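Sequence order for the protein chains is H and D.
Here the first sequence stands for residues 1 to 279, numbered as in the numbering used here.
Here the second sequence stands for residues 1 to 279, numbered as in the numbering used here.
It is worth saying that the hints were derived from the structure and are not from the lab.
Treat the numbers as computed from the prediction; the structure is a model and nothing was measured.
Ideal placement from N, C-alpha and C gives every residue a C-beta, glycine not left out.
Worth double-checking, as some hints may not be accurate.
Unchecked claim - Derived EDC-like pairs: lysine to aspartate or glutamate, alpha-carbon spacing no greater than 20 Å straight-line:
| hint | chain 1 | residue 1 | chain 2 | residue 2 |
| --- | --- | --- | --- | --- |
| 1 | H | K15 | D | D224 |
| 2 | D | K116 | D | D27 |
| 3 | H | K15 | D | D27 |
| 4 | D | K63 | H | D269 |
| 5 | D | K15 | H | E255 |
| 6 | H | K68 | D | E255 |
| 7 | D | K68 | H | E270 |
Said to hold, decoys possible - Label-pair restraints from in silico Cβ distances:
| hint | chain 1 | residue 1 | chain 2 | residue 2 | range |
| --- | --- | --- | --- | --- | --- |
| 8 | D | Y97 | H | P90 | 56 to 64 Å |
| 9 | H | T54 | D | P248 | 43 to 51 Å |
| 10 | H | N210 | D | Y97 | 46 to 54 Å |
Said to hold, decoys possible - Covered stretches of chain H, as calculated for chain D (at least 3 residues, CB under 8 Å):
| hint | region |
| --- | --- |
| 11 | 5-19 |
| 12 | 64-71 |
| 13 | 254-268 |
Protein chains: 2
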Amino acid sequence: MELVASNKVVGGWHKRYRHASTTTQCDMTFAVFLPEITNTGQKVPVLYWLSGLTCTDENFMQKAGAFKVANELGIAIVAPDTSPRGDNVPDDPKGDYDFGLGAGFYLNATMPPFDKHYQMYDYVVTELPQLIKSHFPVTQQQAISGHSMGGHGALTIGLRNIEQYSSISAFSPIVHPQQCPWGIKAFTGYLGIDTKTWQKYDATALMSTNEFEQPIPILIDQGDADGFLDEQLQPWHLQKAAEHINYPLTFNMREGYDHSYFFISSFIDEHLRFHASHF
Amino acid sequence: MELVASNKVVGGWHKRYRHASTTTQCDMTFAVFLPEITNTGQKVPVLYWLSGLTCTDENFMQKAGAFKVANELGIAIVAPDTSPRGDNVPDDPKGDYDFGLGAGFYLNATMPPFDKHYQMYDYVVTELPQLIKSHFPVTQQQAISGHSMGGHGALTIGLRNIEQYSSISAFSPIVHPQQCPWGIKAFTGYLGIDTKTWQKYDATALMSTNEFEQPIPILIDQGDADGFLDEQLQPWHLQKAAEHINYPLTFNMREGYDHSYFFISSFIDEHLRFHASHF
Numbered sequence: 001m002e003l004v005a006s007n008k009v010v011g012g013w014h015k016r017y018r019h020a021s022t023t024t025q026c027d028m029t030f031a032v033f034l035p036e037i038t039n040t041g042q043k044v045p046v047l048y049w050l051s052g053l054t055c056t057d058e059n060f061m062q063k064a065g066a067f068k069v070a071n072e073l074g075i076a077i078v079a080p081d082t083s084p085r086g087d088n089v090p091d092d093p094k095g096d097y098d099f100g101l102g103a104g105f106y107l108n109a110t111m112p113p114f115d116k117h118y119q120m121y122d123y124v125v126t127e128l129p130q131l132i133k134s135h136f137p138v139t140q141q142q143a144i145s146g147h148s149m150g151g152h153g154a155l156t157i158g159l160r161n162i163e164q165y166s167s168i169s170a171f172s173p174i175v176h177p178q179q180c181p182w183g184i185k186a187f188t189g190y191l192g193i194d195t196k197t198w199q200k201y202d203a204t205a206l207m208s209t210n211e212f213e214q215p216i217p218i219l220i221d222q223g224d225a226d227g228f229l230d231e232q233l234q235p236w237h238l239q240k241a242a243e244h245i246n247y248p249l250t251f252n253m254r255e256g257y258d259h260s261y262f263f264i265s266s267f268i269d270e271h272l273r274f275h276a277s278h279f
Numbered sequence: 001m002e003l004v005a006s007n008k009v010v011g012g013w014h015k016r017y018r019h020a021s022t023t024t025q026c027d028m029t030f031a032v033f034l035p036e037i038t039n040t041g042q043k044v045p046v047l048y049w050l051s052g053l054t055c056t057d058e059n060f061m062q063k064a065g066a067f068k069v070a071n072e073l074g075i076a077i078v079a080p081d082t083s084p085r086g087d088n089v090p091d092d093p094k095g096d097y098d099f100g101l102g103a104g105f106y107l108n109a110t111m112p113p114f115d116k117h118y119q120m121y122d123y124v125v126t127e128l129p130q131l132i133k134s135h136f137p138v139t140q141q142q143a144i145s146g147h148s149m150g151g152h153g154a155l156t157i158g159l160r161n162i163e164q165y166s167s168i169s170a171f172s173p174i175v176h177p178q179q180c181p182w183g184i185k186a187f188t189g190y191l192g193i194d195t196k197t198w199q200k201y202d203a204t205a206l207m208s209t210n211e212f213e214q215p216i217p218i219l220i221d222q223g224d225a226d227g228f229l230d231e232q233l234q235p236w237h238l239q240k241a242a243e244h245i246n247y248p249l250t251f252n253m254r255e256g257y258d259h260s261y262f263f264i265s266s267f268i269d270e271h272l273r274f275h276a277s278h279f
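Chain H on its own, in the form it takes in the complex (with noise of 0.2 Å):
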């Protein structure tokens, strides 16, 4: 693992490896904030926040404005990116920011020629964290969110392994990408056409046809001027869902928020304490 950079900032640190994972078979950065009292050994939980379309691990790193409360909480947070890299690693062949590099939808990928490095899920679901645990002060506590296609991820990541994660969170995410453009372009791509493969990568889909037995909570924010919202993000199918089996789901309809980070930026605070509190 080599250290790409390190900053300090609110007592705490922010630092950027890069790594040869052996789920994506290319070179991963991801980023860690460590907050202060990790200098001194202490262990903490960890939230993993999955980033949107066109984003790396620097995006909420530098725009989310999350390090002053994740410090207070004593909270570290693990930024992936957002797909495989690298010049062996196939983009979308029109070069499009929603399908290929920057757009890895948290999915293992089973379409030549993207099944070979887009394995998002393995990497995000068990990978990553074994490097997080084998390398930093954290406890076995984690949590996971993400933005808009991160959001897609952390519900689906989350709702399919309930025992990993004590809570899940997201803002504006894609709730039902098999029926929106975003999702329907990256399935086919990844997954190829039989929808039957799709269903284990729709927040929707797993809610409504999953069991569980010790649901852990679920945060959503969606600001109502988010330009995505009735085409893409449609978060009312998952709510609908939710409210059919009785699933622990909290929604904050926002007014006037977009789907940039000062809408992130916001409401983080928010999600932190959420976390932190069923840590």
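Mind docking chain D on chain H? Use the hints.
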């Protein structure tokens, strides 16, 4: 004045505007943060933020994490660009980052071909505040702050216009540009080789030669792991000059912090509270 972007944040608004500047004779873009209480028309004081080399109006607004406390204190923040821009605006002949576009040094250039557009001192001191006062709900109260080259701008503009600002602050400022490589290059290019013309743009020279009957307080934060500290920033020059005349300057050397926005975001709340206490 054309609205370029508008994002709700912490209950208030981040907005970007473009306007034809009579001072720099080109289109200029600036950003403003308006706290929530201005939504009902209440007037608030303004903090001007001047960014460093390579920056635009966007860096502070996206990375500083200043809005929560600025909102709580009821302070608007205005961030101008760091130079004139546009196809007709001359750049560094070699395209270096430390001169020309993104590197206006907040002075009025006198050397062709830069003298026509590079009039950032007058733009920040006169044109921009007039524009802000005529279009936004602000009081007459102003403070000024900045980072690196922008710290130099805040110090020199503040010290030369003490009646206009109630306090000055800076992160990692260039305090003695006539004796550091960045400053010597910029001043030679914009002002020529007669160093007498450099004095009014050098904070240490201003502190050493001017008389301040009613000095306004200065707050400076500097990281001791800042890679530019010894060669470019050299804050001890200003500290020494201030001590000599008993000028009210508070200087904090911060252990382990570097030159990045991770440093700024760690201490921006203290700067906001400092300015609020002097409005």
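Going down the list of hints, with the structure as the test:
Of the pairs offered as hints, the one joining H/K15 and D/D224 holds, with about 18 Å between alpha carbons and a cut-off of 20 Å not exceeded. Between D/K116 and D/D27 the alpha-carbon distance is near 13 Å, which keeps this suggested pair within the 20 Å criterion. Of the pairs offered as hints, the one joining H/K15 and D/D27 is violated, with about 38 Å between alpha carbons and a cut-off of 20 Å exceeded. Pair hint D/K63 plus H/D269 holds up; C-alpha atoms about 16 Å apart against a cutoff of 20 Å.
For a cut-off of 20 Å, the pair hint linking D/K15 to H/E255 stands: about 17 Å separates their Cα positions. For the hint pairing H/K68 with D/E255, the CA-to-CA distance comes to about 18 Å; that is within 20 Å, so the pair holds. Between D/K68 and H/E270 the CA atoms are separated by roughly 13 Å; this keeps the pair inside 20 Å, and the hint holds. At about 34 Å, the beta-carbon gap between D/Y97 and H/P90 misses the expected band of 56 to 64 Å.
Take H/T54 and D/P248: their Cβ atoms lie about 47 Å apart, and the range 43 to 51 Å holds. Range check, H/N210 to D/Y97: about 53 Å between beta-carbon atoms, so the 46 to 54 Å window is met. Residues of the region 5-19 of chain H lying with their CB closer than 8 Å to a CB of chain D number 6, which satisfies the three-residue condition for coverage. Here the region 64-71 of chain H counts 3 residues with a CB under 8 Å from a CB of chain D, which clears the bar of 3, and the coverage holds.
As drawn, the region 254-268 of chain H meets chain D at 9 residues by the rule of a beta-carbon pair under 8 Å; at three or more, the given contact holds.
Checked against the numbered hints above, the structure violates hints 3, 8; every other hint is satisfied.
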